[in-house]
Amino acid sequence: MQSAEHTIKPNAIPRRSFLNLAFFSSLALLLAQSLAALVKFLKPVPSGGFGGEVYAGRVDEFTVGSVNRVLAGRFYLVRTEEGLLALWQRCTHLGCSVPWVDAEAQFHCPCHGSLFNNLGEVTGGPAPRPLDIFPISIRNGEVWVDTGKPIQRSRFDAGQVTRA
Amino acid sequence: MPTWIESITRSRLWRSFFRHGWPDNPLDRSLVMTSNIFFHLHPVKMNRKSLRVTYSFGLGVMVVIVFGILSLTGLLLMFYYTPAIEHAYSNVVRLQTQVPFGQLLRNLHRWGAHLMVILVVLHMARVFYTGAYKPPREFNWVVGVVLLLLTLGASFTGYLLPWDQLAYWAITVGTSVAGYAPLVGSQARLFLLGGPEIGQEALTRFYALHVMLIPAAIVLVTSLHLWRVRKDGGLAANDAD
Amino acid sequence: MAQVPNKVAFPKDGAKTYSLVELVKGAPTVMVEKGPDNTVFSFPVVALLELLLVLGVSALLLLMSLARNAPLEEFANPTLTTDPAKAPWYFMGLQEMLEHGHPTLMAVVLPTVMVLFVMAIPYLDNDRRGSGRWFTSPRGRKLTWNTTLYALLAMPAFILLDNAFPPRELLRGMAPDFIAQFAIPAVVMGLIVAAPVLALRRQRPTMREVMLVLFTMLFVSAIVFTVTGFFFRGPGFRLYWPWDMPGGYSPFDNL
Ligand code: HEM
Ligand code: FES
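Chains as they are written, first to last, in this note's numbering: chain A, 124 to 287; chain B, 42 to 282; chain C, 23 to 277.
It is worth saying that the hints were derived from the structure and are not from the lab.
Being a predicted model, the structure only gives us computed values, none of them experimental.
Some clues are possibly wrong.
Claimed, not checked - Ranges between beta-carbon positions, derived for each pair:
1) C:Tyr271 <-> B:Phe80: 46 to 56 Å
2) A:Ala226 <-> C:Leu102: 10 to 20 Å
3) C:Tyr145 <-> A:Arg139: 33 to 43 Å
4) A:Ala226 <-> C:Asn91: 36 to 46 Å
5) C:Val209 <-> A:Arg262: 11 to 21 Å
6) B:Val134 <-> C:Tyr271: 16 to 26 Å
All residues carry an ideal CB built from backbone N, CA and C; glycine is no exception.
Can you build the whole structure from these sequences, using the hints too?
Below you can see the structure in the form of structure tokens.
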């Protein structure tokens, strides 16, 4: 007995504290793991339809200066001098769907009156940023829009236009 | 007491249900409260001060009652409702036009939901203006705020279920607000809706929240709330001089 | 033989079955000798009162349900927004606030601050006195009504002024969004809410009175914003008289 006591180093952690520490940190780890698993479980799984790649039409269908609604993809395909821009119809203010009003030649949101020009830039109302855009790919003259990856932007720049 | 009542309350069958006799004397009246799971929320005797109508207006009790009505009518609505975007709307139409008392049931549930929000807010206001949040009731006030948020959550998730234009756009506008929270906003919105826009996933999630998770939480937290009312010495009116 | 240990203050008398063990200071926990008994048996008195409430609330709800049907519009159409698009009525206060500043400020920062403040009230005002009495004191009652009156004037004035001269549009392109939509509304609203507290400073208010003023300010403002959003916003989310909405729209369609 005597000798055993002598082997304890004076600054060693007592066995009880060590076991307590080990127990409670394992418990915390277990909890953190379960929480992480829950978050992964609740994270949405992508599904088909809107949210996938949507066929918009042939490039030559879209005349320069036109704003074309693609219902299935919930976006507007805009043809400018330089190329194509796919604007998500979802208002960046509170998510109403924004119609293109031909008479005003602009997007006019019915909910709180946000205004956007044909490039999606805010020209009036409470919307804090331009309309979101979707990536466009042109394959054999066909326009495909990936509605699963909306891109938020703070201003319009020429790099956002897909050349056509 | 008529002897026939006495013979019933003395019978072995009655005694196996209730551990008290007919409550026409102080002892049995006390036993009713202490030996019955529903009554035991109350103390055996109550101070008249806390029962004055102009003190509490019975608002908290009314919230419990409306919540009970909502649970009952909601359960019945579940018999005719499917949380699928192809069926939800037509189920509601069928409920209103073909199921006997279906429209009435839906009205009760919807107006009840609105009434509950109003009553909870009024209850909070009366607790505040009577100073009933002061120690030792601080914690129960915080529990109350949680109940207020849960009540709003229950109402909001239920709003989407009819899947009509009103529901769709109200929830679109409502959840877009969440997207503005810094850092976690757009993720929170995504988790709530199960996708970038409101669709089947959102309906599924809102349904689970509305019929199960939030009501269960309300029941649990309300139990805590009522238990604390008693542990803190009943209503604050009792302490007032 | 056995010596009584001298720590025991009240030695037990071996001939008695009871003894004094300790003296406890403070109010007795039992209700003896505390004035006339002012209690009633919960059964049947309170039980009957509650049964009456059950019947009353059920009757009220039944009448409401017979008087008016729950609304049901057309099948949801994600490509066509209703005009106006309104959140449920209890969030209309929030939606109305969104009209007057940046969404992060109006829908996230201010509501969070409000909920945290409400939760913190009992920890800020932890004086037990005056609990269980409406408004605590006559001065508290007066303060509450004065604050109510002030909020009923100041908040609608703010809404109308901001609607007529929105900094967002007036400063578009001139000042960054942060100034026009964040800083200006935050400072203006903060001042409106803080003004009555500042005005009260000279009267050396108790914490309870400060809370009465602040809570009343928030509570009445919330009601003003909710009522404005619900009753006075029509198509395009513009302000109209509730009985004079264009396009046959009625605020009650949105219940
Ligand atoms: C689902 C929501 C709620 C339910 C079912 C509920 C229920 C009750 C009931 C039955 C009482 C007894 C007194 C009375 O009837 O007024 C009570 C008291 C109380 N409640 Fe609530 N309540 C809810 C929400 C809240 C909220 C939102 C608050 C405050 C933020 C709150 C704070 C309190 C406090 C502090 C008391 C003690 C009052 C006193 O001593 O006078 N409760 N509640
Ligand atoms: S949702 Fe478009 S302006 Fe508010």
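Confirm or reject the claim that B:Val134 and C:Tyr271 have a C-beta distance inside 16 to 26 Å.
holds, 23 Å
Could you check the hint for me, namely that C:Tyr145 and A:Arg139 are 33 to 43 Å apart, CB to CB?
holds, 36 Å
Distance restraint hint 11 to 21 Å, applied to the beta-carbon atoms of C:Val209 and A:Arg262
violated, 53 Å
Beta-carbon spacing of A:Ala226 to C:Asn91 - inside the hinted bounds 36 to 46 Å or not:
Once the Cβ atoms are compared, 37 Å apart, the range 36 to 46 Å for C:Asn91 and A:Ala226 holds.
Between C:Tyr271 and B:Phe80, is the Cβ distance one that fits in 46 to 56 Å?
holds, 50 Å
Do the Cβ positions of A:Ala226 and C:Leu102 conform to the proposed distance bound of 10 to 20 Å?
holds, 18 Å
Against the hints set out earlier in the document, a violation occurs for number 5 only.
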